[in-house]
Each structure stands twice: as C-alpha cells, then as structure tokens.
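Number of protein chains: 4
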Amino acid sequence: MAVHHFQPTVYYTAIGTYPPVLEIQSGDTVVTTTVDSAGRDGQDQQVTPRGNPQTGPFLIQDAEAGDIVSIHFDHLSPNRKIGRTSTTIAPNVLDPHYVASQMPSGGGAEWEIDLGAWTAKLISPENQISNLHIPLEPMVGCFGVAPPREQSISTATSATHGGNMDYRGFAEGVTVYFPIFVPGALFYLGDGHAAQGDGEIVGTGIEISFDVQFTVQLIKGRDIGWPRAEDQNYIMTVGNARPLDQALQHATTEMVCWLVDLGLEKSAAHILLGQCIEYDVGNVFDPAYTMICKIKKRTLEQVGIWPSAVWP
Amino acid sequence: MAVHHFQPTVYYTAIGTYPPVLEIQSGDTVVTTTVDSAGRDGQDQQVTPRGNPQTGPFLIQDAEAGDIVSIHFDHLSPNRKIGRTSTTIAPNVLDPHYVASQMPSGGGAEWEIDLGAWTAKLISPENQISNLHIPLEPMVGCFGVAPPREQSISTATSATHGGNMDYRGFAEGVTVYFPIFVPGALFYLGDGHAAQGDGEIVGTGIEISFDVQFTVQLIKGRDIGWPRAEDQNYIMTVGNARPLDQALQHATTEMVCWLVDLGLEKSAAHILLGQCIEYDVGNVFDPAYTMICKIKKRTLEQVGIWPSAVWP
Amino acid sequence: MAVHHFQPTVYYTAIGTYPPVLEIQSGDTVVTTTVDSAGRDGQDQQVTPRGNPQTGPFLIQDAEAGDIVSIHFDHLSPNRKIGRTSTTIAPNVLDPHYVASQMPSGGGAEWEIDLGAWTAKLISPENQISNLHIPLEPMVGCFGVAPPREQSISTATSATHGGNMDYRGFAEGVTVYFPIFVPGALFYLGDGHAAQGDGEIVGTGIEISFDVQFTVQLIKGRDIGWPRAEDQNYIMTVGNARPLDQALQHATTEMVCWLVDLGLEKSAAHILLGQCIEYDVGNVFDPAYTMICKIKKRTLEQVGIWPSAVWP
Amino acid sequence: MAVHHFQPTVYYTAIGTYPPVLEIQSGDTVVTTTVDSAGRDGQDQQVTPRGNPQTGPFLIQDAEAGDIVSIHFDHLSPNRKIGRTSTTIAPNVLDPHYVASQMPSGGGAEWEIDLGAWTAKLISPENQISNLHIPLEPMVGCFGVAPPREQSISTATSATHGGNMDYRGFAEGVTVYFPIFVPGALFYLGDGHAAQGDGEIVGTGIEISFDVQFTVQLIKGRDIGWPRAEDQNYIMTVGNARPLDQALQHATTEMVCWLVDLGLEKSAAHILLGQCIEYDVGNVFDPAYTMICKIKKRTLEQVGIWPSAVWP
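Top line first, the protein sequences correspond to chains A, G, D and X. The opening position of the first sequence corresponds to residue 1 in the working numbering, with each subsequent residue numbered one higher. The opening position of the second sequence corresponds to residue 1 in the working numbering, with each subsequent residue numbered one higher. The opening position of the third sequence corresponds to residue 1 in the working numbering, with each subsequent residue numbered one higher. The opening position of the fourth sequence corresponds to residue 1 in the working numbering, with each subsequent residue numbered one higher.
Keep in mind that the hints are not guaranteed to be accurate.
Copies of the same chain are indistinguishable here, so a pair counts whether it falls within one copy or spans any two.
As the list claims (entries may be wrong) - Derived BS3-like pairs (lysine-lysine); straight-line CA-CA distance at most 27 Å:
| no. | residue 1 | residue 2 |
| --- | --- | --- |
| 1 | Lys121 | Lys296 |
| 2 | Lys220 | Lys121 |
| 3 | Lys220 | Lys81 |
| 4 | Lys81 | Lys296 |
| 5 | Lys266 | Lys297 |
By construction, these hints were calculated from the structure, which means they are not laboratory data. Here the structure is a predicted model, which means the values were calculated and not measured.
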C-alpha cells in the first residue's frame, strides 16, 4: 500500500511495451503529473512533442496476461491557469455538404482556469461568447495498458486496451478496469481536460496539464473483453471502434457479459438491459470512436446482484 | 385555441399523405389516445394491425411546405395496466460473434403499470429479476409529419420528417419542431412507452396505449433541416440515419444551424459546442438510427442568446 | 405474350402505390421510353420535374404479395445526342478533411453521345480532359416495384423494393427479380445512364433519355428478401442500405439464401462463397448505398446446381 | 541491383520497428518464402505461432520518412500441396438476424493445390461441392511497412502502412507503393493465398506457404497518404478503415490526389473519376476493411497523362 511520488521525464505517444518508469504493487498509490496533449507541462513549457504524450508506463508486479487491473482516480486537477481548445468542429462530425461549403476557418482558443471558482473562462479569441465560463469537470482523455500481440498503438486512437477514449465520465472517483495483455500490465495516462463537450468534437477538450493521484488493484485470473468502470451510481462498459454502431455493439455485449459475471442468467440480463440501459458518447474524433454503456447500481441492487463485490 | 377531443377509428403504419382525421388551427389543443405498437387499445383489445399504428393525421390549417410546426406534449400517460416488451437484445446491437453463439431464446415479457406508485413491475416471465420495478417515464416513440416528395414512410423507421425515433426525452413537457413538407403538415403520433432503455435495444420499450394531450403552433416562413426540440433545460436537435455516425452528423449540423439562427456567428457556435455539446442515443434498432444533440439553455443564457423567443 | 408500345405522359419521383399506367400479363413485353434524371425527354425537352422521374407503374396481372416478378431488359439505348453529368465528387465519398479544404467548384458537364461509334465524348467544360471519350454502357439507374407497408419511397434512394441502385450491371441482357409487396407488383423504371463510373460518385452517370424494351415474368409463390439478378455469366444479389457494410451484409445473406434455394446445403454454400464470391459497388451517393454480390454460373455448374431453372 | 536469397527464421505478427532481418538497396531483388497464416511452412510444419506471421522486416537503405517505397511482386507461388480455409462466413458479413438463427457450425476445409493444372480442389469436408476446383490466383494477403508514431500494428488489421488488406489484385506482376514512416522503411510480407473470394469473407483465403520474389525501388522525397498500386491495366489506390464507406473515402481521395500528382487539374480529375472510376472490395473481415479504387491506364493515356513515368 505504498504511495509513490513520481515525476515523469519521458513521455510516449503510443501505448505499447516500453520500459517501465516505475514498478508498483497492487494496492499502491501513485502521485504524479501529466502534460497536456501538446506536450506542455504545469509551467506551460513544452517538454515533449505533441500528440497526447503519456506519463508511464507503470509496471504492476505479478500482473499477467489474463488478469485485470483496476485504476481508481483518487484525485484529478488541472495544475496551471491556462487551457487550450481548437475552434472548429471536426469535419467527420458534420454533414458532408456543410463541410463542403460552410466551414469556418480554424485556429486556437485559450481559456483561463479558475480553481477557486471551479470554472474555465474563454479569454481568446474575442467574440460573441467571450462571457462564457463553464464549470470545471476534470477528466483524463487517454489512458490504458499495453495492448495484445506486441502491438504499440497510437495515443490518437483506442481499442480493447483503452487509449484515447475522451469520455467525460473518466473523472475523479471513477474506477476503470482493464484487461491485461502483457506481464506487468504497463499502465499509461495523459491528455487531461479541464472540461470537454461530449464526443470531443473539436478534437480537443480544454487541454491542460494535471496533478493526478491514482491507486491500482490487481485482480488475478479474471478476464474481460473491454474496459469496464464504475462510479458512485453506475457500472459502465466501453466499446472503441468505428462506426459508432460497432462501438455500441462492443459496449453492449461487454455489459451483458458483466451482468452474467455478476450472477444474472443471460435471459434476465437481456430483459433488464432492454428497459434500463443508458448510453454515453465518448470520442467521435479519432479513427476509433468510443461508446459507453451503463446501468444504475440501484437498479442492480433491486434485483439482488449488488452490492456484491464486483470481483471476488 | 380550441380544444379538440378526438377518438381515433383508423390508424396508419406509414406516415404519408393520407386523408386527415381532423383539421385544427395553430394554437389548438388535441386530447386523444394512441394504441400500443401491437395495435392494442386502452382495454388491451386489438383494434388495428401491429407495427406502430399512428393516430392521425391531423391537418394544421394554413401550414405549407417551408413552414415549421411545433408540437407540445401537454400530457402523456399510459391508460391501462399492462405493458409488454420483447426479451432479447436485437442482434444488430451486439457483437456478431456473440450473436452467432450466445443469443438467448426470445419471447415476450409483461409489466404491470402502477400509475399511483408511478412504476412498471415485471410480472412475467418469472426469473431472477422478478423484483424489478422501474420508474415510469412515459414517452412517445413514433411521431412526425408527412415527408417530402409524396413519400409515405414506414413507422418502423425515421427521417427528416420524424418517425420512429424512440428517444426517452420525447416526454411530457417537451416541444418538438418539425419541418413541413406538405400542405397542412399532417401530424401523426403513436407507439407510447411507459418506460424505455436508451436505444430501444430489445426493439420495444414497455409498449402501452396512451392518453395524450398536445398543442400545436404553426411558425410561418421558417425552415429547418431536421426535427428540433426543447424542454425546460435544453434545446435539442435530432438526426435519423445509419450508421449512428451519420445521425450524429445530421444532429450536430442542425445544432450549429440553430445557434446561427439564434444569432451566434458560426465560429462562436463551433467553439461553444466544442466544450458544451451533449449527445443522447435514440433508437438503434430501426433501419435508421437516432442521435440527439443538445445544449443547456443556461449556457445559452450566459452568452446572451437566450431567453429570446426561439422563433420570432 | 403481347408486345405493348407505351408512351408515358405522367412520371413519378417516388415509387409507391400510384394508379397503373398500363396493365400487362406475365410474358408480355413493353416498348417504352424514359426521361433523364432531370425530366428531359428524347428531344431534350423538360416534360416533368427533375428527380429520377419514373415511367410506370406497370401492373402485372395476377401478381400478389409473396410472388416474384422478373424484368428482362431486352433493349436499352440512349435516344438523343446529349447527355449530362455533374462535375464534383460528392462530399460523402471523400475524406472529410479534403472536403473541408480542397473541393473544386461545381457545375455541369455535357457529353455527346455517338451511337455509331458507341462512345460518349466530353464536350463541355473545356479542360485538360476534353479528348475524353468513353465507351457507352447503357444502364438503368432507378427501377423497382411498389414497396411494402403502403410506403411510397423517393427515387433518390433504394431498399428491398429496388429504387435508385445505380449499378453498372443493370444493362441490356440482364434479368432482375423483385419481391412483390402489393397486388399487381407495380413496376417503375427511369434514370437511364449512357455510361457511369462505379458508385455514381458525382451523383450522376451520363444522364440521358432512353428507348427501353423489357419483358416481365411472374413467378408465383416464391419469396425473396432482396432483388436478385442474372446475366450471361453471373447470378447476383443486391443489398441497399447504409453503411456499405450493411448493404454487403444484405447482399451476402441473400446470396447464401439463393444458393440454398438452388439446392446447396448451407454449409456447402458458405464454403463455396468463401472462395468464389465477388462484390461490385453500386450507388454510394444516396441515403442508401448499394452493394452487389455475385458468383459465376460456371462455378455453380461445376458443383451441379446449374443450369437448373432458377425458379421451378 | 543485387538478388538476395533469404531464408526466414523469425516471424512477426505485428508490423512495427523490429530489428531488420536483411538490409537491401533500392533496385535489389529478394527471393524468399512465407509461411501460411497459421505459421506452417512449405513442409506443412508449424514453425511459428499462428496469426499471419510475416517474413521480414527488410530494411531499405537510405529510405527515410517522407519517401516512398515500391514493391514489385516478380513471382508468387504456393510451395506445397495442401491449402486450408475456414468454412463459415464471418458473422460481421451477414445479416444479424441470419446470424442469430441460421449459422452453420464451423470447422476447417482442406484444398489440394495442383500447380500443373493451376487449380485448387476441395478435398475435405466431403459434401455437395466436393467437385469444386477453382483456378489458382496466388496473392499476398498481408504486407506493408513500419507504421508512423512508433506504432506496432497487428497483422490482423490494416492502416496507412498496409497490413492485412486481402485484396485479390495484389498478385504477381503488381507494383505496390507505400508511404515510408521510419528510417529504412522496414518491409514485411506474409499470409499468401492460393486463391480467395472477394472480401475474405470466411476469414481466410486458401491459406498456404509461398515462394516469393520481389524487387524494391526507393522513390525519394515523394509523399503519399495511402498505399497506391499499378498493374498492367490499372492504377489503384487503397483505403483501410471501417466502415467500408470510410475505406472508400480514403481510396477515392487518394486517387484524386494521384491524378493531380500526374498533372490533372482537380476539376478535371473529379469529372474523369465520376464516369470512369472502378471499385474493388478487399478484406471485410478485419477490424479495418479495405476498399480499392482504380482507373484504367488506357483512359489516362487518352487524356494525355500516361505513359509518363508514375514517379519522376
């Protein structure tokens, strides 16, 4: 149950089997930082090339392929005053005929982060919405573990190992479960957002460097197909693919499997999800899109499959 | 501002240019009923063939192609005790490999609707989730106006004219705006659900007959591309297409256009939506899927484009 | 076995249950004309509004829902000298980032049709490819029968009933089989192309009016799910949907079913198609895309399921 | 212009920055072998784990990111008597409702390869199509260069770097052009098929080990976005993505860019492709699907942009 204070000096823009920066044990907590998607740190200095650079990898001792690792985000906070966004909606998110004729010119926007007021305020460009200030909702855009088959996968996309999922629900207090594909799991994280609209449709949230604290747990001998998660109110599954229909298929199927893991007969799981399922949209900007499937914990309690421990 | 009490005797399973059952004026209110998706009425009697049979069409006087009609759902309530659902998740919503090997056998489920407790309780089949009772969230699955080009489109799908969108947000208190394609608009509605999971992934919500009251307003000389809506907290746009990516393109583009209609410069609309947009998933069962794009009214107020009247 | 000479005076831009223009019998031949997609006839006069106006509907006596009608294109020929195309690739067919920044401006092109040389020659605009002359490959872009559920479906799209499929293989000598959904089948055709690239990616082939001769056969009591076709070398199935993946699913499944109809065990049909299937791309411009699945007749002969009559 | 005879001893199931097995120069020819997708060699012995194991990587001296490498397949031939296929069409290629209820049970099939008669004959399982013998069409299923961003990408999928494209046109005599992302390019190849249906819809062609001879050319300082290719009759571009619509967008856009590279004005390229483009379907089994876009060389000659050298 050690607490590790780790200051990164190297960052990766692909998630793969790179040399671990720190070895930790199940139950340990890591206090660290992440740079923003452009490689800028808490002093707004460029310290590594752009492209969702990741802090890590963290090796979890005794982790093996076929196990699960859980990551609990104990604390997530922007650690500087300035955040940045793009300014035009991605052309893949708009009607092709609109894109052909009506796209505004691009550029960047800057936002002032006020941790006291807990808001982000648009400070440039000056335009009609200069009064806009929105509540902070810090979240981690890109995180995951080394993928299968000796792959190394760009932090500009996502798959079964996690990656750039850009889901607003991946915030402080959430626990995310990943399948493990390589010895030590090799966990990475980065791409913090002070806030973000669903889908990350301009290709950015409010990009900013973070102070992060997370705690890992190793769950031996349990396999999952896609990332799973839980927060106070929901259990959630994640599908990463294109089109969004396929991401939705992955997430829905993983949720059926989770309910069966929790003790429901398959036929009961289908009926239950039919009337109680909810979907959230994650990233719709990357090569792979992200769909989240979720169900309320209080619904599960009602049918007697909660609060069992998620994993025995 | 008349109030019409209308008892349907004919129902349609396509939305097109059929003879109007009632002529009304802008501002009028209609109190009527809908049968369930299987054609069963408030006495649970089969009165018309299955397939989302629609009450209507209601002709709005003076409505012409190029105008908009708004429908406010004043009151929506199940009007009988028994609702029904399917029991298996649709194969298009699950991983193909799961479908090939692990589908449970199908069938039907019955739910008891308790309007006092405001719950739906699963009463058959008996299984592990027999304790399940879920809060009622009455919503209209399928409604819309006669489509363009003299088309008549099945109530098993959706397009620019509305149709079978199965969005949980189409509940009491919402106002939905449709483009008008034919003289009189010709409004239809049906397919009430006592409750429904996102996506209508088993192909049904809790299907039930409804008492309905709605009020129409005609907005002359204003054109929109896709259905729009508002409730107490949000303005919303709707895209209907496959894949879900394309539905999302339609809904997002329509929202950009709406914000521009409301006075925002295009570049400001893009920045604003980038960090403040939200998506909800409607029907993912039909030939056309439904995606809803929405933004909070209080965000719009902050940037000074609300509470102007939506339509002058 | 009558031969009907029919001169159209009315045209439809949706395929539905409109009053028949001619009643014919199984075995009959019709000699008629079609206007081009813009409603211009053999004298290049606008005689009806644009939008793939259809000649028909032709009612086939004794045809009932659940039967099949076959259409053999005995003769297809442009009947004037001038054809027209659009000049820009549709934005839905190009990378969104290309569309956002590099689309050329639109316009129209004119082509001279030389029935002696059997070529189409670009005559305007003048540009680098003014020498281009391409072989004529006359084909019918849009044809089909009245759809199910009392629908009337725009000639700008396609579904199980046929419609705007824009497949280059729908040329003279092909026989196309449609499922019948309404009494009399109600067959329509139009949208002739002197030639066309795969996909109709500029939204047009070389649009031109046609002289057409076709012969119908009614096949009682046989049902199919999607249009099927055969020419000298292939049997073919058609899927119409978006995304193209789904069109491909429909066409592939229909081909498996056809092989089973022809006497193959399902497992043999799967093995055979695995190594012998071919795909062609039809329309990728419309709301619904078209994929063709085909297999060589000589392959079927080899395994002894051909030349049986296709339909007993 | 050396000829290298190379006997592989190590194989990779991901394409990335692994240590080169051989360094060659532009103009050099390599004579080597590939194992089948299951890791079985010319003696039908398992020599490496299954999963499209690749021979390579071959380092091309002086190759740098931003250059192009061309691979000409001088000779491709199965080098043993037995080939193997799967027997069931992949569930992602069939209608979900068919998959839910009608899938045959799986298994494997064996085919006898007769290099004299140039046929593959089904030898097991015994069933109705036991007479089936099909012409050999040897092709390479999976090949490409190390991808960008230090990625290593599974040979079960494809992207801008090539990979598992399973296109029947990648046969003897074709030249394929890849963008280079890493120093030395690092070329891999494997997954030979004696023959294959379009799409590789059972997840295999007739899988077999190969004798291969290929010749590489380095083209300095020329950049492309996606693989390009040419054979005797066509120039071709490749898009790898899901859905197939997006693969088609990539391939079409790359073809427009190629025509512009060859000297056509953009507007002329659009008109030309509109009436002359052709599409072929590659892999529709993997996470990424493959679409090929092509145009006849003789069409290009007609408009005066061929036979220039492809690359100056």
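Going down the list of hints, with the structure as the test:
1. Lys121 <-> Lys296: between (33 Å within a copy, 17 Å between copies)
2. Lys220 <-> Lys121: Neither: 45 Å inside a chain and 38 Å across chains, both beyond 27 Å.
3. Lys220 <-> Lys81: neither (41 Å within a copy, 45 Å between copies)
4. Lys81 <-> Lys296: between (35 Å within a copy, 26 Å between copies)
5. Lys266 <-> Lys297: Close inside one copy (18 Å), not across copies (41 Å); limit 27 Å.
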